[in-house]
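Each protein sequence line maps, in turn, to chains A and B. Note that the first sequence covers residues 1 to 310 in my numbering. Note that the second sequence covers residues 1001 to 1310 in my numbering.
No wet-lab data here; the hints were simulated from the structure. Please note that the accuracy of each hint is not assured.
Okay, derived cross-link-like pairs now, DSSO-like style, lysine-lysine, Cα gap no bigger than 27 Å in a straight line [claimed, not checked]:
no.	chain 1	residue 1	chain 2	residue 2
1	A	Lys86	B	Lys1076
2	A	Lys287	B	Lys1130
3	B	Lys1196	B	Lys1287
4	A	Lys86	B	Lys1189
5	A	Lys196	A	Lys130
6	A	Lys193	A	Lys130
7	B	Lys1287	B	Lys1189
8	A	Lys130	A	Lys189
9	A	Lys86	B	Lys1130
10	A	Lys189	B	Lys1287
11	B	Lys1130	B	Lys1086
12	A	Lys189	B	Lys1086
13	B	Lys1251	A	Lys193
There are 2 protein chains.
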Amino acid sequence: MSLVVVGSVALDDISTAEESRTNILGGSASYFSVGASLLAPVKLVAVVGSDFPEEHIRLFESRGVDLMGLQRIEGKTFHWAGRYAKDFTSRESLATDLNVFAEFDPVLPDSYRDADHVFLANIHPTLQNKVLDQLSAPRFVAADTMNYWIEGTPEELARLLPRLDLLLINDEEVRQLGGTSSITASARKVLDKGPKALVVKRGEHGASLYHAQGTFHLPAATVDRVRDPTGAGDTFASGFMGYLAGRVPGKPTFEDLKQALAVGTALASFAVEDFSLQRLVDLPLDKVYQRYQSLAQSIRFVPIESLSPQ
Amino acid sequence: MSLVVVGSVALDDISTAEESRTNILGGSASYFSVGASLLAPVKLVAVVGSDFPEEHIRLFESRGVDLMGLQRIEGKTFHWAGRYAKDFTSRESLATDLNVFAEFDPVLPDSYRDADHVFLANIHPTLQNKVLDQLSAPRFVAADTMNYWIEGTPEELARLLPRLDLLLINDEEVRQLGGTSSITASARKVLDKGPKALVVKRGEHGASLYHAQGTFHLPAATVDRVRDPTGAGDTFASGFMGYLAGRVPGKPTFEDLKQALAVGTALASFAVEDFSLQRLVDLPLDKVYQRYQSLAQSIRFVPIESLSPQ
């Protein structure tokens, strides 16, 4: 039941319409590893520079994250600065300083190679493929990607997709990858490219699962106040994969994937309630389950038997 | 079980990335009356000019729509021209020629005044209030509005809201009316302004119902190809109100409103599959019910009992 994540660990500067923070822990693999650690033991593969604060290392350690695969090399840690528009409807990247991340070469420690579950966060598809080459026989492989790779490295991405049990992307990305204006039609085209299942993340509007056995839609969980949406997608993925790795023995069924999507949705709703990993670090599992139940409640209805006049 | 709708009847010019049509039947009350006529007898209150084609009159008549309240006056019919962006993520109004609609004075024929159900489509809130003044004792009153009135006539709108059983607006409008960046928090603030329930339309991401007894979310129904999203919101309202007027005796419960939302969702998904009212005119009720069932299927899952390790 081990879960390997490969992605970025970053130091972020974030501004919203109301607040700002500088030099806070960010990056896809940070959100993922801390989120998933609530449900399964996590092994991290990432790179940080010599400036990376010890307190963040201790934070990962406090969640039992295996740091054998965390490379620490001379130089500065990946730095991202972003500003969100009012209502969080869009965001602008103010700085993307790759620093040591530019030379990231994900080498898996021997103790990682027999992992059952793998999440390839949004990095170059060549590196994502390279990670898979190092795994002996993973049971479930999920990956994220983005417009940059969809446009820039389509062949490497095409080689990755058939190797995936699950591709997790957002609504814009599925349209771009599927090449149609309809999310549904695009989702079908994306499935034709090889991944066994597809999750489309729709931000505050929820998420959808597309699978050979059907489609499943779930709204987002209710959040009173969004403070920082950074990391919501990776936290969603962490709940999804953490649930599969920690609670589902064997190959997951369509029903298991629906459950995983709901756990991811519940968990992601906490990530946005504060900056960085604040809400995730000490989050009790029963709080996640309470939100999961509210979410399940919010979609409950008993379909009518007929629309004909009685 | 009579259902009165007050709104616009228009002649539209529509361009999408792939197609365009000129001088086609549009307007909120057109979509609403034809959509709702599948489920309940509809009485229309609107105004058209002397240029309004007879074939559109016959179309309304073919659906049994009561046209006693359709004013026909000298001049040109309301004309709207709009262009949708690729992916239908936004639209631009190219022309809004109110023509005879500028002087619209909704007077209800005597035979309309004892209507049980009323839908006030998006018109000046003063006129919406005026329509309600003419009704004897409606059982269920729903209204739409828009940013223009939220900004421009807040006092008239504030007078309308406590008179409503249901306000139906979109995600941008709820944020504007509620004054927060969160749909959920804004929805609560809107309910505080007086309507007994609120539906937030999220376009291709579905719709949410906010009610004293809880919240209900439903995704949009699957559409293979969107050709023209014009009228989707009014068709949604038509299914919602048509279901209440035609199938729910007495005051609707929270469960009835959930059902109504699902019927509206199913019906709206047909409207966008073609231009104007093409898909709605001859739509068999069992096709609507089939889509309703697929929709219900797409949200079905059995929540897990616990997130704790087994």
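Now for the hints, and whether the structure bears them out:
Taken as a hint, the A/Lys86 and B/Lys1076 pair is broken in the structure, with Cα atoms around 41 Å apart against an allowance of 27 Å. Restraint check for A/Lys287 and B/Lys1130: not satisfied, since their Cα atoms lie roughly 49 Å apart, outside the 27 Å limit. A hinted pair counts as satisfied when its Cα atoms are at most 27 Å apart, and B/Lys1196 with B/Lys1287 does not qualify at roughly 31 Å. Under the criterion of a C-alpha separation no larger than 27 Å, the hint pairing A/Lys86 with B/Lys1189 is consistent with the structure, at around 18 Å.
At roughly 20 Å between alpha-carbon atoms, A/Lys196 and A/Lys130 fall within 27 Å of each other, so this suggested pair holds. As the CA atoms of A/Lys193 and A/Lys130 are separated by approximately 19 Å, the hinted pair is consistent with the 27 Å bound. Between the alpha carbons of B/Lys1287 and B/Lys1189 the distance comes to roughly 37 Å, so the proposed pair goes past 27 Å and is violated. With a C-alpha separation of about 25 Å, the suggested pairing of A/Lys130 with A/Lys189 holds against the 27 Å cut-off.
The straight-line distance between the Cα atoms of A/Lys86 and B/Lys1130 is roughly 36 Å, outside the 27 Å bound, and the hint therefore fails. Annotation: proposed proximity of A/Lys189 to B/Lys1287 holds, straight-line Cα distance about 26 Å (limit 27 Å). Our distance criterion of 27 Å between C-alpha atoms is broken by B/Lys1130 and B/Lys1086, whose separation comes to about 39 Å. A C-alpha spacing of about 18 Å is found between A/Lys189 and B/Lys1086, which places the hinted pair at or below 27 Å, so the restraint holds.
The hinted pair formed by B/Lys1251 and A/Lys193 fails the criterion: a straight-line CA distance of about 50 Å is larger than 27 Å.
Figure legend: structure checked against the earlier numbered hints; hints not met, in rising order: 1, 2, 3, 7, 9, 11, 13.
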